[in-house]
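Trainee: Which chain is which? The protein sequence lines are A and B, in order. Position 255, counted from 1, in the first sequence is what numbering that gives the first Met the number 0 calls 254; the numbers after and before it change by one each time, with no gaps. Position 24, counted from 1, in the second sequence is what numbering that gives the first Met the number 0 calls 23; the numbers after and before it change by one each time, with no gaps.
Among these hints, one or two may not hold up.
Claimed, not checked - Some chain A residues flagged as far from chain B (calculated, every beta-carbon gap over 12 Å):
#1 Ser73
#2 Leu304
#3 Val315
#4 Asp317
To be verified - Below are the EDC-like pairs computed for lysine to aspartate or glutamate, each with C-alpha atoms no more than 16 Å apart in a straight line:
#5 A:Lys18 <-> A:Asp198
#6 B:Lys18 <-> B:Asp272
#7 B:Lys196 <-> B:Glu225
#8 B:Lys65 <-> B:Asp90
#9 B:Lys122 <-> A:Asp82
#10 B:Lys38 <-> B:Glu61
#11 A:Lys140 <-> A:Asp198
#12 B:Lys301 <-> B:Glu17
#13 A:Lys65 <-> A:Glu49
#14 B:Lys140 <-> A:Glu294
#15 A:Lys122 <-> B:Glu123
#16 B:Lys301 <-> B:Asp24
#17 A:Lys122 <-> B:Asp293
#18 A:Lys140 <-> B:Asp293
#19 B:Lys18 <-> B:Asp293
#20 B:Lys122 <-> A:Glu49
#21 A:Lys140 <-> B:Glu294
#22 A:Lys42 <-> A:Glu61
#23 A:Lys301 <-> A:Asp27
#24 B:Lys140 <-> A:Asp293
#25 A:Lys38 <-> A:Asp24
#26 A:Lys65 <-> A:Asp90
#27 B:Lys301 <-> B:Asp27
#28 B:Lys65 <-> B:Glu49
As the list claims (entries may be wrong) - A few chain A positions that, by computed beta-carbon distances, are all more than 12 Å from chain B:
#29 Ala87
#30 Pro89
#31 Asn97
#32 Gly100
#33 His106
#34 Trp130
#35 Arg159
#36 Asp182
#37 Asn235
#38 Asp267
#39 His281
Please keep in mind that the hints were generated in silico from the structure rather than gathered at the bench. Bear in mind the structure is a predicted one, so any value in this text is a computation, not a measurement. For glycine and all other residues, C-beta sits at the position ideal for the given N, C-alpha and C.
There are 2 protein chains.
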Amino acid sequence: MSRIVCIVQDFLSDEHKEKIRQAADRADFTPYFFTSAEKDAAKEQLQNCEVLYANSPAILRETSDKLRWYAAASAGADAYCADPSLFANPDCILTTSNVYGATIAEHVIMVTLELLRRMPFFKEPLRRHEWLISPPIRSIKDGDFTILGTGNLGRTIAARLRSMEARRILGVSHSGRKVDTFDEVLPVSQLDTVLPKTDFLIMALPGTPETVNILNRDRIALLPPEAYVVNVGRGNALDQEALRDALNQGRIAGAALDVVVPEPLPADNPLWDTPNLILTPHISGNMALGYTRDENVRLFCKNLLRYADGDTPSGVVDRARGY
Amino acid sequence: MSRIVCIVQDFLSDEHKEKIRQAADRADFTPYFFTSAEKDAAKEQLQNCEVLYANSPAILRETSDKLRWYAAASAGADAYCADPSLFANPDCILTTSNVYGATIAEHVIMVTLELLRRMPFFKEPLRRHEWLISPPIRSIKDGDFTILGTGNLGRTIAARLRSMEARRILGVSHSGRKVDTFDEVLPVSQLDTVLPKTDFLIMALPGTPETVNILNRDRIALLPPEAYVVNVGRGNALDQEALRDALNQGRIAGAALDVVVPEPLPADNPLWDTPNLILTPHISGNMALGYTRDENVRLFCKNLLRYADGDTPSGVVDRARGY
């Protein structure tokens, strides 16, 4: 009996499917395609598959201990690491897809410019059809930036800021290991000394036990009044209520959150109308961009051939560490 | 009697004034500082000055034929070229200040990302506190751009797009002369063949008789339905009503105008509420950014020393040509 790969994705075009079929053929796998709505039709193949390319932790409940590799289309692994019982086979490999750097970096550059150029200030006047001139603004050029997280995402953001002539880009990571794109990388143990000197903080962290509430109330209080905060990692990386208090009291200059707790954000949550806050509904790294989808499929096909050759696919997650 | 330089600017800090004083001292000029509100106090010195650093055509009416160099703090020369009688001395040199490229380019990158990432789509849902996922978006990365105008501004925008991995950047200029930052530059005579293939059009043109209404109704009709239009040059470079019609009828994907006709835009102008239009009140290249002011003063000081040495200052405008 041939080896089975199940593909449970809603974003695939016919072209994507054809690419996966060709890769499966070369890898000597039989592919079965399902959308996330086709749970019943997928039941038998999910029980028998050795490889699963999907995008939802719940689907793992449908698999058996025959599953040896789960390829997540997402960049984040947190949803798969919280509960070890998700995997019937404890040795099942988990990979994530590091293909969101470019689109998330474009979102970050957009909201960074919106904050520095004071777009929240113009929101109400524009609605009232008032032609106002600008209050003092700032710039990426000659600006200083601190990026929490120096992985694929943090590096892509740093490269974009660099090319727009940022003056200094400081990274903060678990290890503090030097990364070329940054002027300097400090370990997270020094975060409390970094924050008081931070003009602009960009949070691009994976969701792990270590990153939960890393920007807590005390640390938000360390930021200077001119500081801006952007979060595109996980909503629980910051104390949302403390950030809201800081914005309401003008203790920091502004913020842009693409990730919040909970998602979707209820309509009566006070975050919606917080001053100097740019809120977006977790769109920075979604599948709405063509090349994100293309890259996702390309990566999976490449990894399937590696896996069939007995090599380890790229993007393997340490499930205990969480990324 | 010593040579006189008048400075009529509202944006100068004490530090800026000190720098100008030092330059004037080295150039053997006596500097007189006024704000635009101090017209009466300035009267005598304006009559006697040889050099004037200011930012309003009207101030020229206060000068005499002793004026030999007018240094405009603006990037645009159109307000000074429309009426030759502004200059009592027909041989008076006019210079403009090419120091707005970086700040205007940041504005262009911001609105380009806002359009490509469909921010106008989210405007109303966000106001209604609705957490919506994203419609298909596009990206600067791998995108194609056409820039009308290949001067300082067009080049700076092109360099930013390039560093964000744009696929192809086409320039269109009066001469069609090759400019390094662009993949190709075509003469404006070929504009009609360029527009049907244009995904994203950025207009960064000086205000001259040739550029007035350059994007007229017929040319707007040549743009494909997926096209976006950004204008940061002069409002009269496009047919505003034709653009509005195209947006209202969904014949192009969207637009961002930082310059319009007239400015300020009256509150009852229909442009305010046009769908898929990002409207900003001529803020892309204003004086709200610190380094724009610093660069402006630095350029004037450098030019004052050149002028005193008998050299031509940089940024001289051909008043007949208009730029």
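Trainee: Now tell me if each hint is right for this structure.
Mentor: We went through each hint and held it up to the structure:
| no. | hint | result |
| --- | --- | --- |
| 1 | Ser73 | holds, 14 Å |
| 2 | Leu304 | holds, 25 Å |
| 3 | Val315 | holds, 26 Å |
| 4 | Asp317 | holds, 30 Å |
| 5 | A:Lys18 <-> A:Asp198 | violated, 45 Å |
| 6 | B:Lys18 <-> B:Asp272 | violated, 45 Å |
| 7 | B:Lys196 <-> B:Glu225 | holds, 10 Å |
| 8 | B:Lys65 <-> B:Asp90 | holds, 10 Å |
| 9 | B:Lys122 <-> A:Asp82 | violated, 37 Å |
| 10 | B:Lys38 <-> B:Glu61 | holds, 9 Å |
| 11 | A:Lys140 <-> A:Asp198 | holds, 13 Å |
| 12 | B:Lys301 <-> B:Glu17 | holds, 14 Å |
| 13 | A:Lys65 <-> A:Glu49 | holds, 6 Å |
| 14 | B:Lys140 <-> A:Glu294 | holds, 13 Å |
| 15 | A:Lys122 <-> B:Glu123 | holds, 12 Å |
| 16 | B:Lys301 <-> B:Asp24 | holds, 13 Å |
| 17 | A:Lys122 <-> B:Asp293 | violated, 28 Å |
| 18 | A:Lys140 <-> B:Asp293 | holds, 14 Å |
| 19 | B:Lys18 <-> B:Asp293 | holds, 10 Å |
| 20 | B:Lys122 <-> A:Glu49 | violated, 44 Å |
| 21 | A:Lys140 <-> B:Glu294 | holds, 13 Å |
| 22 | A:Lys42 <-> A:Glu61 | holds, 7 Å |
| 23 | A:Lys301 <-> A:Asp27 | holds, 14 Å |
| 24 | B:Lys140 <-> A:Asp293 | holds, 13 Å |
| 25 | A:Lys38 <-> A:Asp24 | violated, 24 Å |
| 26 | A:Lys65 <-> A:Asp90 | holds, 10 Å |
| 27 | B:Lys301 <-> B:Asp27 | holds, 14 Å |
| 28 | B:Lys65 <-> B:Glu49 | holds, 5 Å |
| 29 | Ala87 | holds, 31 Å |
| 30 | Pro89 | holds, 34 Å |
| 31 | Asn97 | holds, 15 Å |
| 32 | Gly100 | violated, 10 Å |
| 33 | His106 | violated, 7 Å |
| 34 | Trp130 | violated, 3 Å |
| 35 | Arg159 | violated, 6 Å |
| 36 | Asp182 | holds, 18 Å |
| 37 | Asn235 | holds, 17 Å |
| 38 | Asp267 | violated, 8 Å |
| 39 | His281 | violated, 8 Å |
Consistency note: the structure conflicts with the earlier hints numbered 5, 6, 9, 17, 20, 25, 32, 33, 34, 35, 38, 39.
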